[in-house]
Amino acid sequence: MAENVIVAEDLTCQFGDLVAVDHINFNVTKGKILGFLGPNGAGKTTTVKMLTGQLKPKSGKALLLGMDVAKNIEKVQSKIGVCFEETNLYQKMSALENLSLFAKLFGVRGFDAYTLLKRVGLEGREKDRVENYSKGMKQRLMVARSLVSSPEILFLDEPTSGLDPTSSEAIRNIILEERQRGATIFLTTHDMLEADKLSDYVAFMNQGKIVALDTPDNLKQKYGKRALKARVSNASGRLQNREIALDTPKTAEAIHSLFEKERVLTIHSEEATLEDIFIKITGRGLAE
Amino acid sequence: MNFSVIKTLVAKDFRLFSRNRFYALITFIALIFYMLIYFLMPPSVDETLEVGLYAPVVPPSFQLIHAVEGFGFIEFESEESLRLAVNEGEYYSGISLPADIMEKFEAGEKPQVKLYFSAAAAAEIKDTIEIMIRELSYQETGQSLAVDVSYDILGPDLIGEQIPPRDRMRLMLVIALIVFEMMGLASLIVEEVEQGTIRALLVTPMSVRDLFAAKLIMGTGLAFVQGLLFMTIVGGLNSQPLLVVTTLFLGSILFTGSGFFIASASSDMMSSMGWGIIAILVYTIPAFGIMFPGTVTGWVRFIPSYYIAETIHKASNFNSGWGDNWSNLLILLGFIALILSGGIMVLRRKFR
Numbered sequence: 001m002a003e004n005v006i007v008a009e010d011l012t013c014q015f016g017d018l019v020a021v022d023h024i025n026f027n028v029t030k031g032k033i034l035g036f037l038g039p040n041g042a043g044k045t046t047t048v049k050m051l052t053g054q055l056k057p058k059s060g061k062a063l064l065l066g067m068d069v070a071k072n073i074e075k076v077q078s079k080i081g082v083c084f085e086e087t088n089l090y091q092k093m094s095a096l097e098n099l100s101l102f103a104k105l106f107g108v109r110g111f112d113a114y115t116l117l118k119r120v121g122l123e124g125r126e127k128d129r130v131e132n133y134s135k136g137m138k139q140r141l142m143v144a145r146s147l148v149s150s151p152e153i154l155f156l157d158e159p160t161s162g163l164d165p166t167s168s169e170a171i172r173n174i175i176l177e178e179r180q181r182g183a184t185i186f187l188t189t190h191d192m193l194e195a196d197k198l199s200d201y202v203a204f205m206n207q208g209k210i211v212a213l214d215t216p217d218n219l220k221q222k223y224g225k226r227a228l229k230a231r232v233s234n235a236s237g238r239l240q241n242r243e244i245a246l247d248t249p250k251t252a253e254a255i256h257s258l259f260e261k262e263r264v265l266t267i268h269s270e271e272a273t274l275e276d277i278f279i280k281i282t283g284r285g286l287a288e
Numbered sequence: 289m290n291f292s293v294i295k296t297l298v299a300k301d302f303r304l305f306s307r308n309r310f311y312a313l314i315t316f317i318a319l320i321f322y323m324l325i326y327f328l329m330p331p332s333v334d335e336t337l338e339v340g341l342y343a344p345v346v347p348p349s350f351q352l353i354h355a356v357e358g359f360g361f362i363e364f365e366s367e368e369s370l371r372l373a374v375n376e377g378e379y380y381s382g383i384s385l386p387a388d389i390m391e392k393f394e395a396g397e398k399p400q401v402k403l404y405f406s407a408a409a410a411a412e413i414k415d416t417i418e419i420m421i422r423e424l425s426y427q428e429t430g431q432s433l434a435v436d437v438s439y440d441i442l443g444p445d446l447i448g449e450q451i452p453p454r455d456r457m458r459l460m461l462v463i464a465l466i467v468f469e470m471m472g473l474a475s476l477i478v479e480e481v482e483q484g485t486i487r488a489l490l491v492t493p494m495s496v497r498d499l500f501a502a503k504l505i506m507g508t509g510l511a512f513v514q515g516l517l518f519m520t521i522v523g524g525l526n527s528q529p530l531l532v533v534t535t536l537f538l539g540s541i542l543f544t545g546s547g548f549f550i551a552s553a554s555s556d557m558m559s560s561m562g563w564g565i566i567a568i569l570v571y572t573i574p575a576f577g578i579m580f581p582g583t584v585t586g587w588v589r590f591i592p593s594y595y596i597a598e599t600i601h602k603a604s605n606f607n608s609g610w611g612d613n614w615s616n617l618l619i620l621l622g623f624i625a626l627i628l629s630g631g632i633m634v635l636r637r638k639f640r
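Line order of the protein sequences matches chains R and F. Residues in the first sequence are numbered consecutively from 1, following this note's numbering. Residues in the second sequence are numbered consecutively from 289, following this note's numbering.
Where hints are given, some of them may not hold.
[Stated by the list, open to error] When the alpha-carbon atoms are kept at most 27 Å apart in a straight line, the in silico DSSO-like pairs for lysine-lysine are as follows:
| no. | chain 1 | residue 1 | chain 2 | residue 2 |
| --- | --- | --- | --- | --- |
| 1 | R | Lys-61 | F | Lys-295 |
| 2 | R | Lys-138 | F | Lys-638 |
| 3 | R | Lys-71 | F | Lys-402 |
| 4 | F | Lys-638 | R | Lys-58 |
| 5 | R | Lys-127 | F | Lys-295 |
| 6 | R | Lys-92 | F | Lys-398 |
| 7 | R | Lys-92 | F | Lys-295 |
| 8 | F | Lys-638 | R | Lys-56 |
| 9 | R | Lys-280 | R | Lys-32 |
| 10 | R | Lys-30 | R | Lys-79 |
| 11 | R | Lys-79 | F | Lys-295 |
| 12 | F | Lys-414 | R | Lys-75 |
| 13 | R | Lys-32 | R | Lys-92 |
| 14 | R | Lys-71 | F | Lys-295 |
| 15 | R | Lys-209 | R | Lys-280 |
In short, the hints are calculated from the structure, not lab data.
Only chain R is shown next, with the shape it has when bound in the complex:
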């Protein structure tokens, strides 16, 4: 049986009357990526704060590598790497100095900052002050910082937010390499395609509760509508769209009829996106 590396048991957090996280339960097994999705204010960041020991839960437990986070903060924190959504680097220090500082705080011996910086594409700029970096470079450095201790668990909060496609792709590759290494990854993102591409499991969070948790494929099967979409030209030459639902007893007949009666210009299958599923479950979009 696979080892549960991240476990949330009835995890709850409350600020005054506001229940930010409401008795959530989930677990992530070793070497898997959990995509944690939800609109702003859904409770994602509060959950991450409780899992990383920044915030004490009001009730319930967060267990990382079998240890209760609230009771073993320092031990737990020596095993994790966190990449925050907002850039929080020491701007007046160089990339080299930033990474070396955190390597010392983690007690990493023989730390090779140059190799790590090369891995995130910052070679040649190691000694420049961070204040002179572009947003993409800063974000890559943030990811590098979360990797200094080769953590067993990696928390990534919107790691590709606002980046150009090249930088985003570079970071996605690093995430996949980390999974390959055996790290368990908790990925918070707004980017549905990214979550779909990277995650082994996705959890939808809404108003402090987890409303769905499964693999992306299972969610699509469960909530999505599979269909064929065709663009056709009818007898009078007008262009029209046709949709044929898949997985019904009449699907084959409908496809046959389409090709027999109309001139099909284009045809493709369509799957529900994670965003469609989220809207279906919660009645609201991720951007709200």
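Dock chain F against the given chain R, drawing on the hints supplied.
For chain F alone, kept in the frame of chain R given last:
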């Protein structure tokens, strides 16, 4: 506590402080500027002495009093106003001639001449004025010991221990120098909170205890080293050096604790500067009171820095030792415990 982590954090803070152009430059300029001020001020006291005089009747020979070299006599209309002026430190000494001085001379009796001296008057002043009165009486009567002279010391007896103004100011300068670092430390902390780097630190295995220990070492060290350097160069450690150094060290801890309070109350650099300036003004009041005696009253004892100012002043200027200052140090330790623990508590809440 993890000393390796603390060392790393202190080195980081020092690096950031030295790269903050504003604070690094101000610190350096203040150190040089304060030393210049000290050395530009006169190293000795003014030798022309102004003496208050109450004389309802002036014997003929006493008319010569105004011709005595090195003295300036200021006449008063009553003995009470003379006494008040000396007590408030306006004059080092005052002479009060009795109304029946002529009658007493004529009857062959000794008139009672009263001399008043302020606490800071030199022993030489007392002797000189007493001799001058006896000499004038001798000229009036042709007899020695023609008068009885009595004198009062108003306030603590520090006669013979007057100090040049620059040594009074030295205290003000050293306190201003170390108290400024309170603002520097607060700004460093506020910057960490503003830029979110504190969050990044708090998800490492470092404990919050290590973080505060590092800030305490950084703040105290920065203030203490500057204070020590300044006092060494301007001769502030010539008497009771261990007591002065200890007080400087305790003062640096006190101001670091105050820096924690300022950081917790500030949302950005500007507000930390605003709060910092208010704190600096309050903390320098006791030193100001020592520089200009009579400008502050008993309430100054409620300001924690009073016990730093008072101890350093007495130790470095009057060679006053541990025995005279233990109560000051004890009260100072109490203030440190209160302010430091309070500062850590409120700042810790801000980190969450």
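Evaluation of the provided hints:
1. For the hint linking Lys-61 of chain R to Lys-295 of chain F, the alpha-carbon distance of about 34 Å lies beyond 27 Å, and the restraint is violated.
2. Using a Cα cut-off of 27 Å, the hinted pair Lys-138 of chain R and Lys-638 of chain F holds, with the two alpha carbons roughly 26 Å apart.
3. Among the hinted pairs, Lys-71 of chain R with Lys-402 of chain F is inconsistent with the structure: their alpha-carbon atoms are about 78 Å apart, more than 27 Å.
4. Of the pairs offered as hints, the one joining Lys-638 of chain F and Lys-58 of chain R holds, with about 19 Å between alpha carbons and a cut-off of 27 Å not exceeded.
5. With a C-alpha separation of about 22 Å, the suggested pair Lys-127 of chain R and Lys-295 of chain F falls inside the 27 Å cut-off, and the hint holds.
6. Under the criterion of a C-alpha separation no larger than 27 Å, the hint pairing Lys-92 of chain R with Lys-398 of chain F is inconsistent with the structure, at around 81 Å.
7. Of the pairs offered as hints, the one joining Lys-92 of chain R and Lys-295 of chain F holds, with about 19 Å between alpha carbons and a cut-off of 27 Å not exceeded.
8. Proximity of Lys-638 of chain F to Lys-56 of chain R is assessed by CA-CA distance (about 15 Å); at most 27 Å being required, the pair is judged to hold.
9. Between the alpha carbons of Lys-280 of chain R and Lys-32 of chain R the distance comes to roughly 26 Å, so the proposed pair stays at or under 27 Å and holds.
10. With a CA separation close to 13 Å, the supplied pair Lys-30 of chain R and Lys-79 of chain R stays within the 27 Å bound.
11. Only pairs whose Cα atoms come within 27 Å are accepted, and Lys-79 of chain R paired with Lys-295 of chain F is accepted, the gap being roughly 22 Å.
12. Under the criterion of a C-alpha separation no larger than 27 Å, the hint pairing Lys-414 of chain F with Lys-75 of chain R is inconsistent with the structure, at around 73 Å.
13. Restraint check: the Cα-Cα separation between Lys-32 of chain R and Lys-92 of chain R comes to about 36 Å, which exceeds 27 Å; the hinted pair is violated.
14. Distance hint between Lys-71 of chain R and Lys-295 of chain F is fulfilled; the C-alpha atoms sit about 26 Å from each other, no more than 27 Å.
15. A hinted pair counts as satisfied when its Cα atoms are at most 27 Å apart, and Lys-209 of chain R with Lys-280 of chain R qualifies at roughly 16 Å.
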